[in-house]
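As given, the protein sequences belong to chains B and Y, one line each in that order. Quick note on the working numbering: the first sequence kicks off at 138 and runs consecutively. Quick note on the working numbering: the second sequence kicks off at 17 and runs consecutively.
Just so you know, not all the hints are guaranteed correct.
Short, incomplete list of chain Y residues facing chain B, as computed with Cβ under 8 Å [to be verified]:
id : residue
1  : E57
2  : I293
3  : T294
4  : H326
5  : Q329
6  : E330
7  : A336
8  : S337
9  : Y346
10 : R367
11 : L371
12 : Y401
13 : Q405
14 : N455
Calculated from the model, a selection of chain Y residues having no Cβ within reach of chain B, i.e. all distances over 12 Å [claimed, not checked]:
id : residue
15 : L101
16 : S107
17 : Y139
18 : L190
19 : P331
20 : L332
21 : L341
22 : K366
23 : R373
24 : L403
25 : E462
26 : H490
27 : R506
Interface residues of chain Y toward chain B, partial, derived using beta-carbon atoms under 8 Å [as the list claims (entries may be wrong)]:
id : residue
28 : Y322
29 : S325
30 : R333
31 : Q369
32 : T498
Hints are computed from structural coordinates only; laboratory data are not their basis. Computed from a predicted model, the values in this text were never measured in an experiment. Ideal Cβ placement from N, Cα and C applies to all residues, glycine included.
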Amino acid sequence: MSASQSGFILLVEDNAGDRMLFSEALEYARCDIALHVAASAEEALRVIREPDPARGLPRLIVLDLHMPGKDGKAMLSELADLPQAAGVPVMMLTSSNRPRDQEECLALGACGFRVKPNDWVGYQELIAYLQPFWQSAQRVGGA
Amino acid sequence: MDPDEKAPETHVEAAGDDALAKVLLVDDREDKLLAIGLVLEPLRATVITARSGKEALRLVLQHEFAVILLDVSMPIMDGFEAAALIRQRKSSERTPIIFITAMSATDTHATRGYSLGAVDYIYAPVLPDVLRAKVGVFIDLFERSREIRRQADWLRQEAERRALNLETRLDGLLNRLNVGVFRSTVEGQLINANPAFRRIFGIAANADLTGINIANLYQQTEERSMLVQRLEREGRIQDHHVRQRRVDGAVIWASLSKTLVSETGSGRWIDGLVEDITTRKEAEAALIAKSEELARSNAELEEFAYIASHDLQEPLRMVASYSSLVADRYAAVLDDKGRVFLGHLVEGAKRMQNLVRDILAYSKVGKSTALQEVDCEALIEKVLYNLQQMIEDCGAEIRRMPLPTVTGDPVLIGQIFQNLIGNALKFRTKDARPVVAINVAQGEREWRFSVTDNGIGIAPEYHERIFRVFQRLHTASEYAGTGIGLAICRKAIEHHGGTITLESEVGKGATFTFAIPLAAMRAGAQVATSV
């Protein structure tokens, strides 16, 4: 199937532990989609601005809110100025659910807001929750 | 014998007001004086006799007479001549005079007598009863007018005394007062002021006040013109706070009250009161600064709690997630001990996460949320729904009466019920079916809710401690929990201006009673009418 070759999830997360848990959960769920991890917003923006011609753009960006340097909100604002990122859904991940953060991120163009899982089971649930987002994005991208 | 020398010294005017009225009897004949004196004896009067007009004139200067009886026919100076002279004396110009005449009533006599101010005539021979009655009338008249005069005198003196007293008191008050009292012209020229006014503005006690224009005592002169304009419109100004300037240049805060007074004939002026409120104003400013500082430090604390919980959660999630991942994936390759160790690791991380979550919840209680109408009936349904699993698991019976609508924060009141009912279920005994009763009573100023259980109870020595943060009476293996639930309850109830109390003994269940005021009593709390 072409789905395995086209498209990937871009995870923007400064915490190595979280990156590995996300990757483990994705693998455990046997989802047939690639994962590209970026340790910072700067790195993630490079992936969008100068996409690998063979891989193209991500179908979903999973973005950590709190990061040293450029944080999730700053990256959301920059994405809004990039026409090529217009169709890519961005899901926020954070360790606290402060209502003000949530409103701000949605206003900046995020498609959703999830609290980071507290344990392994939580990670599995997160992957199940995210699945429809990259699948619908696939349809949009394929149209 | 010279009749002039015969003035009876025994009849010298008595000083007192209560002295008998005096009657002056004037006749040149001793026998007639004696006879008439006898006739008048029964009257309440002192009879003074004179043997001639000349002597009579001397006596009217010394005494005040109720009536003068004057013989018309006397040698040297007859009665009419004497009467004319008596009338000229200021002290006797209005004293009633009765003429006694032996002559038959001729019109010329009578006319002459009346023109001299005689009030009556008596003809000789004198009829004793008639004479007595006539003189008696004048004595009576004299005494009454004397009494009236005395009362009038007393009233006048009393009024003067009171006025003086009032003035003394007013002066004393004005001098002792801490409030400045002053009067000025509409243009601002000071007319007078009390010592406090001088103190407030630093004006020397001997300085001339009339040289001062009130406008110069304002920090900004225009302030006064604005106030005068307002006075012209409204007539008076009450407790107006303004910056004023003492004569030494120091600026003070003053409270001014002024009235525009206009009196016909004497023009218009301004009566004013001035109070130095600098200390009060400074205290107010300090209080405002303090409360701003408090609000700032509260905000900082909230931020701290948020950041701390966030930063604590970050590594905790790693411990919890990886320990559960290891447990899920590698439990099979561990021996029994390894699996127990791993179990402690997973549990410990979970408990720590609950603690962090509850600290965050506790720190959030009392954040300014608007109070609103809270339907406790709907709220308790929701709470019982949340606790449904627990209720079913322990087979508890919930007894409750219909609950009212109160004014409060729905999230907090929900937390109060959830924590209290949750505790009632959690601390149940093993040998009885748990029963939780939720009751309410309306007090004069508050709703009193209570949650009663038949659980393990709490020893009285712990009744205060259990409301403090992280106070636990049991180990985690006996009863799970972070020990923060009741602390949240108390903070939430106090946020509503209420109180929470506990009645319990070990083994006899517990009753938690909390009061929520009928009206929002929290300072600055605002009630939202609709959600």
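Status of each hint after checking the structure:
1. Violation of the interface hint for E57 (chain Y) is found here, the shortest Cβ-Cβ separation to chain B being roughly 117 Å, above the 8 Å cut-off.
2. Among the interface hints, the one on I293 (chain Y) is violated; its C-beta lies about 42 Å from the nearest C-beta in chain B, farther than the 8 Å criterion.
3. Here the hint on T294 (chain Y) is broken, as its CB sits about 42 Å from the closest CB of chain B, past 8 Å.
4. Look at H326 (chain Y): its Cβ gets to within about 5 Å of chain B, closer than 8 Å, so that hint holds up.
5. Annotation: interface hint on Q329 (chain Y) holds; nearest CB of chain B at approximately 5 Å, less than 8 Å.
6. Interface hint status for E330 (chain Y): upheld, as the beta-carbon distance to the closest one in chain B is roughly 6 Å, under 8 Å.
7. Hint status for A336 (chain Y): holds, given a least beta-carbon distance of 5 Å to chain B, under 8 Å.
8. For S337 (chain Y), the shortest C-beta to C-beta distance to chain B is roughly 5 Å, which falls under 8 Å, so the interface hint holds.
9. Given hint, Y346 (chain Y) at the interface with chain B, is violated; its Cβ is 12 Å from that chain's nearest Cβ, farther than 8 Å.
10. The beta carbon of R367 (chain Y) comes no nearer than 12 Å to any beta carbon in chain B, farther than 8 Å, and the hint placing it at the interface is violated.
11. Interface hint at L371 (chain Y): violated, since its Cβ lies 13 Å from the closest Cβ of chain B, which is beyond the 8 Å cut-off.
12. Checking Y401 (chain Y) against chain B by beta carbon gives a least distance of about 22 Å; that is not within 8 Å, so the hint is violated.
13. At a threshold of 8 Å, the smallest CB-CB gap from Q405 (chain Y) to chain B is about 18 Å, leaving the interface hint violated.
14. Taken as an interface hint, N455 (chain Y) does not check out: its beta carbon lies about 35 Å from the nearest beta carbon of chain B, beyond 8 Å.
15. No Cβ of chain B approaches the Cβ of L101 (chain Y) within 12 Å, the least distance being about 115 Å, so the stated non-interface status holds.
16. For S107 (chain Y), the non-interface assignment is confirmed: its Cβ lies about 104 Å from the closest Cβ of chain B, beyond the 12 Å cut-off.
17. With 12 Å as the threshold on Cβ separation, the claim that Y139 (chain Y) sits away from chain B holds: the shortest Cβ distance comes to roughly 124 Å.
18. At the 12 Å boundary, the C-beta of L190 (chain Y) stays outside the reach of chain B, the nearest C-beta of that chain being 61 Å off.
19. For P331 (chain Y), the requirement that its beta carbon stay farther than 12 Å from each beta carbon of chain B is not met, with the minimum near 9 Å.
20. Not every Cβ of chain B is farther than 12 Å from the Cβ of L332 (chain Y); the closest lies at roughly 8 Å, contradicting the non-interface assignment.
21. The non-interface label for L341 (chain Y) is inconsistent with chain B: the shortest C-beta to C-beta separation is roughly 4 Å, within 12 Å.
22. Taking the minimum C-beta to C-beta distance to chain B, about 8 Å, the non-interface status of K366 (chain Y) is violated against the 12 Å cut.
23. With a least beta-carbon separation of about 9 Å from chain B, R373 (chain Y) fails to lie farther than 12 Å from that chain, contradicting its non-interface assignment.
24. No beta-carbon of chain B is positioned within 12 Å of the beta-carbon of L403 (chain Y); the least distance is around 22 Å.
25. At roughly 31 Å from the closest C-beta of chain B, the C-beta of E462 (chain Y) stays outside 12 Å, upholding its exclusion from the interface.
26. The claim that H490 (chain Y) lies off the interface holds: its Cβ sits roughly 25 Å from the closest Cβ of chain B, which is beyond the 12 Å cut-off.
27. With a cut of 12 Å on Cβ distances, R506 (chain Y) stays outside the contact zone with chain B, its closest approach being about 25 Å.
28. Interface restraint check for Y322 (chain Y): the shortest CB-CB distance to chain B comes to about 7 Å, inside 8 Å, so the restraint holds.
29. Taken as an interface hint, S325 (chain Y) checks out: its beta carbon lies about 7 Å from the nearest beta carbon of chain B, inside 8 Å.
30. Interface restraint check: R333 (chain Y) against chain B, minimum CB-CB distance 6 Å, threshold 8 Å, status holds.
31. Residue-level restraint check for Q369 (chain Y) holds (minimum Cβ-Cβ distance to chain B is 6 Å; threshold 8 Å).
32. Evaluation of the T498 (chain Y) hint against chain B yields a violated restraint, the C-beta minimum of about 15 Å exceeding 8 Å.
When the structure is compared with the earlier hints, violations turn up for hints 1, 2, 3, 9, 10, 11, 12, 13, 14, 19, 20, 21, 22, 23, 32 and for no others.
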